[in-house]
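Trainee: Protein chains in written order, with my numbering: chain A, 1 to 391; chain B, 392 to 704.
FYI, nobody ran anything at the bench for these hints, they're computed from the structure. Since the structure is predicted, the reported quantities are computational estimates derived from the model, not experimental observations. It is possible that some hints are incorrect.
[What the hints assert, rightly or not] Here are some chain A residues pointing at chain B (derived, C-beta under 8 Å): (1) L117; (2) S184; (3) I246; (4) E338; (5) L342; (6) K344.
Glycine included, every Cβ here is placed at the ideal spot set by N, Cα and C.
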Amino acid sequence: MRDTLYLALRYLAFHRVKTAILVAAITLIVFLPVGLRVIVNQSSQQLTARAEATPLVIGAKGSPTELTLNTLYFSSDVPARTTHAAAAEVTETGLAHAIPMYVRFRVRDRPIVGTTLEYFEFRGLRIVEGRQLAILGEAVLGSRAAKRLGVGPGDYVISSPESVFDIAGVYPLRMPVVGVLEFSDSADDDAVFVDVKTAWVIEGLGHGHQDLSRPEAAAGVLRREGNVVVGNASVMQFNEITPDNIDSFHFHGELSDFPLTAVIAVPPDQRSSALLQGRYQSAGLSQIVNPTEVMDELLDTILTVEKFVIAGAVTVGLATLATTFLVFALSLRLRSRERETLFKIGGSRTAVATVMTSEIVVVLAAGVLLALCLTFLTQRYGDVIIRALIR
Amino acid sequence: MSSRMKSAVVTLACAIAACGGPAPETEADGGAEAQVESDAVVVFTTNYPLAYFAKRIGGERVRVEFPAPAGIDPAYWSPSPEDVAAYQEADVVLLNGAGYEGWVAKTSLPDSKLVNTSAGFEDMYIVSEEAVVHTHGPAGEHEHENLAFTTWLDPVLAIEQARAIRDALAAQLPGAEADLQEGFAALETDLTEIDARLGAWAADHAGQPLLASHPVYQYLARRYDLNLRSVHFEPDEVPTTGGWRDLAARLENHTAEWMLWEATPLAETRELLASEYGVGSFVFDPCGNRPESGDYISVMRANVESLEALPAI
């Protein structure tokens, strides 16, 4: 048997290019559908894990997918705005804790996530460097955002203008970085976290400027009418909140009317969750979505596509397998003189057939083994690649 | 009334306020707090009355912290990031509301821990007449409505705030409702007694013009229908020429003989007030910060005694 195997291996080694092509073909035939399935499964787990950790999301009526992706992954597609009153309404029901989210602005390509301290507790995010948000205008960065932006506690980040042509629009706010979060292997690693009130300052709903009632601000005053001071266009607004000017910062209007992209609702139990969802079933300006259901729908679409891809891969695999067998058959026919020679020098017909069969078995085994190795590697490192892709 | 008599009344009033009355030192003071069990509910407050109420209601079950330094008005205090971090660690953060703690809007505190003790009577907030409106930019007119915030000077509202504290603590201390109610009831009794005494005094002095050194007594004035007008005098500063001019203008149509001060004014100010304007001084301490001696109730009783010491019109 060893002699037979030796002859088979020597033959394959001599025809190494042909062997390599056959092994590669067998590997791909096996790996493509199996590897694809593994990747899809891992993607599903990645997407659903964060969704499952986010009980309910409330937002303005519109695309549930947009709302979910913006809230969970801070995607750049900003859903229709709801108001801060939506968060208060959730709290008032007593059925859930409300975590306001305002994900609209960016520091370069990193999302600015305006929220409250409850978000950090909810996601289990811990500060590893510096401290937690304390004063208006401060920022805490996810670990990857800190690395990519090259900043840490003591440095500054500046919000990016939404449009360079929007002169009257959102002014950049310079924000001190006070802390960096521990690596969490999630979308939170890429975010720049600020207090939701700071996000409103970026939007211009809150600002600081000279006290117009003071004599030194006379140049910025257009006219005075009793208690009303009318400022002109030269009133200087601060683009950074510092201990010296923080007292001049103020918000215009009712905080309850200020915008949010979403409210994460965290009910204590299933019953409260059901009751809360029931309250939003009737027609209104808000919608409540279960991120798991939204992601499942999204995954259903992905799985439908996956079925087509796997069907295609299987078809291609079968064709390749047929071709491979054709190659083996043709090869055997071309090697009829070689078989005859082996027979004439004393090899039995069974022994010759065994040598030929061993060659085929070794090629098939090598191909399957390689496919298994690739599947293992995909299983082991696929999630890292997927996270990088879906982020 | 002669200036000598006024001086005597002032001396008596200041002495009563400074002594803080006969009430014993309570658990709201720092010494006793150290003995509180480590598993007590941690309550942070933004002014002293709330700290006092919380301790009276919660007793040993709560550890009350009020980090504003002594000697300042907590309404104008800005906490450091370290102070804010301490607030963030609390189980409950009691707010006075009515715009009292403006710094809260400029800090990051967990919403779920904040309890606005005056939320139950928001419709009773008093809008300050001295609000400044400014307009600029594309957003147009921005009105910065100023609310009067010394709500606790109306004992009835103070009781409502105490009730809100009781409910907030009950949410943190399931099973302790009876003890909390007991603490609340005792506090309510004290506040009701103060309310009755102030009411009786106000009935005897109905319509008597009074001045306040600062516009901080709005809720007190409304509760007892006091004929009270304010100027802007600081107890530790002699008023400027403009300040005296404003006082003179105020006195033209408001012939007050007495001025309420948040703290004992400078002797020079007091003498000038008495000799030049015929206005006597007495202290009615709003007690926004921790008193040097005594506690909230003893200070309020001293305030009542100051009023009761004024001669009837």
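Trainee: Against this structure, judge whether each hint is valid.
Mentor: Quick rundown of the hints versus the structure:
1. L117: With a minimum Cβ separation of about 4 Å from chain B (threshold 8 Å), the hint on L117 of chain A holds.
2. S184: Cβ of S184 of chain A sits 20 Å from chain B, so the hint is violated.
3. I246: Nearest chain B Cβ about 6 Å off; hint holds.
4. E338: Result: violated, 81 Å to nearest chain B Cβ.
5. L342: violated (83 Å)
6. K344: violated (91 Å)
The structure is inconsistent with the numbered hints 2, 4, 5 and 6, although it conforms to all the rest.
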